[in-house]
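Q: Now for the letters of each chain:
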Amino acid sequence: MSFVWGLLYGTGAVILIAGGAVVGVWWERKVSARIQLRLGPQQLGPAGSLQMLADVPKLLFKEDVVPASADRLLFRYAPLAVFAPIAMSLAVIPFWAGWAPLDSAAGVLFFLAVPSISVLGILFSAWGSHNTLATLGGVRAAAQMVSYEVPRALAVLSVVVLGGSLQPSELMDAWRWWWIPVTLLGFGVYFIASIAEMNRGPFDLPEAESELVAGYFADYSGIRWAVFMMAEYGAMIASALFGAALFFGGFMWLPGVAGLAVHIGIAALIITAVMWVKWTFPRLRQDQLMTFCWTVLTPLALVQLVLAVVVALWL
Amino acid sequence: MSAHDLAVASAAALVLAGAAGTALARSATRLVLSLGAFLLGVALCFLALGSPLLAAAQVFVYIGGVLVLVLFALMVVGRGDGESPRVESRHDPGAALVALGLFVVLAIVTPKRPSGIAPPEMVSPLAVADVLLGSGIVAFELAGVLLLAALLAVLVIVKSGGER
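Those protein sequences? They're chains A and B, same order as listed.
Sequential numbering from 948 applies to the first sequence in this note's numbering.
Sequential numbering from -4 applies to the second sequence in this note's numbering.
Hints in this document: simulated from the structure, not taken from any laboratory.
Just so it is clear, CB atoms sit at the ideal spot from N, CA and C, and this is done for glycine as well.
Keep in mind that the hints are not guaranteed to be accurate.
[Stated by the list, open to error] With the Cβ distance kept under 8 Å, some of the chain A side facing chain B (calculated, not the full set):
#  : residue
1  : ALA1017
2  : ALA1044
3  : TRP1046
4  : ASP1050
5  : ALA1053
6  : LEU1056
7  : LEU1059
8  : SER1063
9  : LEU1067
10 : TRP1074
11 : VAL1086
12 : VAL1093
13 : GLU1096
14 : VAL1097
[Stated by the list, open to error] Derived CB-CB ranges, DEER-like:
#  : chain 1 : residue 1 : chain 2 : residue 2 : range
15 : B       : LEU142    : A       : LEU1262   : 33 to 39 Å
16 : B       : VAL72     : A       : ASP1234   : 44 to 50 Å
17 : B       : GLY45     : A       : GLU1158   : 45 to 51 Å
18 : A       : SER996    : B       : ARG21     : 49 to 55 Å
19 : B       : LEU146    : A       : GLY992    : 58 to 64 Å
20 : A       : VAL1257   : B       : GLY60     : 25 to 31 Å
21 : B       : LEU11     : A       : TRP1125   : 47 to 53 Å
22 : B       : THR105    : A       : LEU963    : 39 to 45 Å
23 : A       : VAL961    : B       : HIS86     : 52 to 58 Å
24 : A       : PHE1008   : B       : MET117    : 46 to 52 Å
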């Protein structure tokens, strides 16, 4: 029985990410256009919202090119190894009072741990391509994702300290509105580290198009490239939903379906902010990226952790 | 055969397949892929045996950390000639002998269960913390010191190899 539920959740997660990616790409085009004083897509449907109906079939029917020198097994299946862990991580996000699809006793750790498998997928795709630019991009991505996991986990840990549980539903039961000012610094760290984990601008050095073409997915086309894009948008959706729940209470503000709407609304605001950051700041240099992680973000996360521990002890 | 037995059996099968692949793989990439399958299988075993915390930690530390570092080292080292690093070594027969001996020892000391493994109680993260920071703190810290000593030993061995 639990197997059937797992299958249903899995299908639901893939549909959520695919739908979210379609809406997200359209929204990102609109946001970036606003920032650059353009209009963005506007011909198809209201405000160009049907543009993606034309773009998705284009991706589906493009030729699936595998370079002659590539390791075929790794090259073909690496995109799935990037996408699947991110889809899995959606399972532990609490959407409803006392309920998460997979309400595990170590749910918060699960959310932090499972997406780290996708680093492996990125390295395999980079190596499988047998291409210098892809390898460079893959190594960059791995270094960046492994490093930024540290401040991200520490920031989430401060909320766990306040709530006293790793179980998503228990954590949400313990959630109080005054946690927001206490963990605001932690949210800042989580937000920045999450952008780095998604390899999005200004931390998109792994795919830096002006120097590495597209980094680890330089040789990919059609549907396999789309899977990489879906993984990126999936990571954005998962991080935003999880952050909205842990740092802003998500559904706790209103009962029932209205609460779910508030949760999704907060997540949508976070996603918009992620896009805003991408289209505002220029790309960092590799050394700046690492220095920022280890000398700014990690100490800030530790300060936040100490603050949370003091508040938790004082209560 | 209950659903739980099936879950344990499939996790064990993944462990065995991963271990066999790691031992027999001819290319470094396949080796790392097999090692990843092996580590994931171990995490699934932990999950099936009722410790989600250990499973998540296994994935976080071994797959997300150690395996990525292994792959990283393979990619950075020995790419100059465009060839994959060699995975055969003259120590292979000796290593196989040690592995066989370890297997025999484990097979003797592992307690035998009459039939199947009962689904155990879920171990909560709080219980794990109680043991690690309570009664088991000395062993926990000693394990940390042991790992540090092993790390230093590796550094010393690698360094002396360079000087020879």
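Q: For the hint on VAL1093(A), does the least C-beta distance to chain B fall short of 8 Å?
A: Interface hint status for VAL1093(A): holds (6 Å vs cutoff 8 Å).
Q: So, as I understand it, the hint says ASP1050(A) touches chain B; can you test that by seeing if any CB pair is closer than 8 Å?
A: 10 Å, violated
Q: Take a look at whether the Cβ-Cβ distance between VAL72(B) and ASP1234(A) falls inside 44 to 50 Å.
A: 22 Å, violated
Q: Quick one, is the ALA1044(A) hint okay against chain B at 8 Å, beta carbons?
A: 21 Å, violated
Q: Does the nearest C-beta of chain B fall within a distance shorter than 8 Å of the C-beta of LEU1056(A)?
A: 4 Å, holds
Q: When the nearest CB of chain B is found for VAL1086(A), is that gap smaller than 8 Å?
A: Check passed: Cβ of VAL1086(A) comes within 6 Å of chain B, closer than 8 Å.
Q: Okay, THR105(B) versus LEU963(A) on CB: inside 39 to 45 Å?
A: 43 Å, holds
Q: Measuring from the C-beta of ALA1017(A) to each C-beta in chain B, is the shortest one below 8 Å?
A: 12 Å, violated
Q: Using the C-beta atoms of VAL1257(A) and GLY60(B), is the stated range 25 to 31 Å upheld?
A: Holds: the Cβ-Cβ distance is about 29 Å, inside 25 to 31 Å.
Q: Tell me if GLU1096(A) is really an interface residue toward chain B, meaning its C-beta lies closer than 8 Å to one of theirs.
A: Since chain B brings a Cβ to about 7 Å from GLU1096(A), closer than 8 Å, the hint holds.
Q: Is the hinted range of 58 to 64 Å satisfied by the C-beta distance from LEU146(B) to GLY992(A)?
A: 59 Å, holds
Q: If you take the shortest Cβ to Cβ gap from LEU1067(A) to chain B, is it below 8 Å?
A: Status holds, d = 6 Å.
Of the numbered hints given earlier, the model fails hints 1, 2, 3, 4, 14, 16, 23; all others are met.
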